[in-house]
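Q: Read off the chains here:
2 protein chains.
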Amino acid sequence: MTKTSGTTIPRIREAAQRGAQIVCLKELFNAQYFAKSQRHERFDIAEPIPGPTTIAMQQVAKELGVVIIVPIFERQARGVYRNSAAIIDADGSLLGVYRKMHIPDDPLFNEKFYFTPGDAAEDDEIDRSSAVARQASGFRVWRTRFADVGVLICWDQWYPEAARITSLLGAEVLFYPTAIGWHPKEKAEFGRAQVDAWRTVQRSHAIANGVYVAVVNRVGHEKPIPGQPGLEFWGTSFLADPFGIVIAEGSTGQEEILVGEVDLGRMEEVRRNWPFLRDRRIDAYAGLDRRFID
Amino acid sequence: MTKTSGTTIPRIREAAQRGAQIVCLKELFNAQYFAKSQRHERFDIAEPIPGPTTIAMQQVAKELGVVIIVPIFERQARGVYRNSAAIIDADGSLLGVYRKMHIPDDPLFNEKFYFTPGDAAEDDEIDRSSAVARQASGFRVWRTRFADVGVLICWDQWYPEAARITSLLGAEVLFYPTAIGWHPKEKAEFGRAQVDAWRTVQRSHAIANGVYVAVVNRVGHEKPIPGQPGLEFWGTSFLADPFGIVIAEGSTGQEEILVGEVDLGRMEEVRRNWPFLRDRRIDAYAGLDRRFID
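Quick mapping for you: the protein sequence lines, in order, are chains W and R.
For the first sequence, counting from 1, position 152 maps to 155 in my numbering; every step adds exactly one.
For the second sequence, counting from 1, position 84 maps to 87 in my numbering; every step adds exactly one.
These aren't lab readings, by the way, just hints derived from the structure by calculation.
The structure presented is a predicted model; accordingly, all values stated were derived computationally and were not measured.
Hints may contain errors.
Beta-carbon label-pair distances, calculated as ranges [said to hold, decoys possible]:
| hint | chain 1 | residue 1 | chain 2 | residue 2 | range |
| --- | --- | --- | --- | --- | --- |
| 1 | R | Glu264 | W | Arg14 | 45 to 51 angstroms |
| 2 | R | Gln20 | W | Glu258 | 53 to 59 angstroms |
| 3 | R | Glu192 | W | Arg274 | 14 to 20 angstroms |
| 4 | R | Gly68 | W | Val83 | 57 to 63 angstroms |
| 5 | W | Ala251 | R | Lys65 | 53 to 59 angstroms |
| 6 | W | Val83 | R | Ala80 | 56 to 62 angstroms |
| 7 | W | Glu259 | R | Val83 | 40 to 46 angstroms |
| 8 | R | Val83 | W | Gln79 | 50 to 56 angstroms |
| 9 | W | Glu259 | R | Glu258 | 56 to 62 angstroms |
By construction, the Cβ of each residue, glycine as well, lies at the ideal position given by its N, Cα and C atoms.
Please put together the full structure from these sequences, using the hints given.
A: Structure below.
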């Protein structure tokens, strides 16, 4: 485990002491965000699941009796590396792995260079009771001790399809470990609108699906290469209720532990009052499997 | 045409004088919102398309050189009534009809009693160059003189699927004629959160798809039945740009003409910078055609 993750476990203990039952770490939690440029040696950071980091986290989960969502750079095979999250139950068992499905590629976010996209689930795998061995395909929900959780990673957060399918699988909370920030030269002009768009689209997943949405973003300015402006991650982690109301929110600049409360009764109440799931036109959505229709 | 629509044409003229090129009226524009209760005689309000109201609007569109979106209660056949919108081009031609796909049914919104849902498009009809005669099935886009527009109606606004498909069909602006309001007994406790959720989910369609979103809501307190509290429609019509920024917004209480400007160059710029359409996982969205996956 890296020095970074060495500071993480004390924070998980602190979160548990403050009452947290499900702990979600930020995207690729145990290193700086390394995809700012294309460097072959950075594949060395990747490790298998299970592997040293997730095994250590399994021990912590069991000791504290908390669920932990552990996003790391996964080495699945030589040449097959993933942007993944291990889901560890409160008894320390590894429930499965989510592999980021939507991979971005933009200046300072060279993710298509590093990450093989997550596999689509086979039709017969769209079944949340499926075996752990098949738990790393497509969109998934895991029944943890405290709630049924879905995990999606960063760029996935812009896709209503991902939130919808994960909600239809029975998710009560959608967790989004994230690494999003400002290009320093854009911050003054566009920074506020960018954060607002990001917050809005994720609150909308809560509203459209009647689920809790928990977003865990990096924070702080990372400058890995001398002379490069680096990225300033904008924090603003938050928990939204099934009506899209933000019930806990972090700062834009400070590393912190954000604790919020999930009320599953609230979820049922919201879905009864604004019953969107009742009226979906599943006979009319064929166009969603097209990239563009012209 | 009813008295209500008799006041509408002068307003369309005024909008055109103020520079409007595409005019969208509110949902079921030419009557009070009649679905508050179930009354068989209210089917008498319905009329065919083309019919008296849309023919009158075709004349106005041609005279003023503006596109008009005309939402009315459509009588398609004896016993087949729809919540529809006619799309009329600036030369007065009737381009087609959108029939509301997602039909709500909740206290004071008895829409499943009145409205047959819109038909799903056949696969071979997902083609925006198809003949006018087939233009009343499923989600659609119409090439008007001034922009390629999609029309969705009210409850459709809660469904990311509808916004996505209409955007993939090439919509530059998604219009949402709407009739949403407060139950008077809920307004104090929930009113603000309801408007915020409604605004948020529609702004998110703009963001997720990189399109303009124009929402045209009813306004004012309608009390059709003595002793019934009626509904207070909350106005707040708005135009959001492809980044979700609200660039024009109406009040919650006043009837008004809201004019905003669409910049198609802005749409291309936003989609280049946050290229969500590039990275959709169309191989992995099979779950979207299920109501729930358990």
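Q: Output the indices of the hints that this structure fails to meet, ascending.
A: Numbers 7, 9 - these are the hints that the structure violates, sorted from lowest upward.
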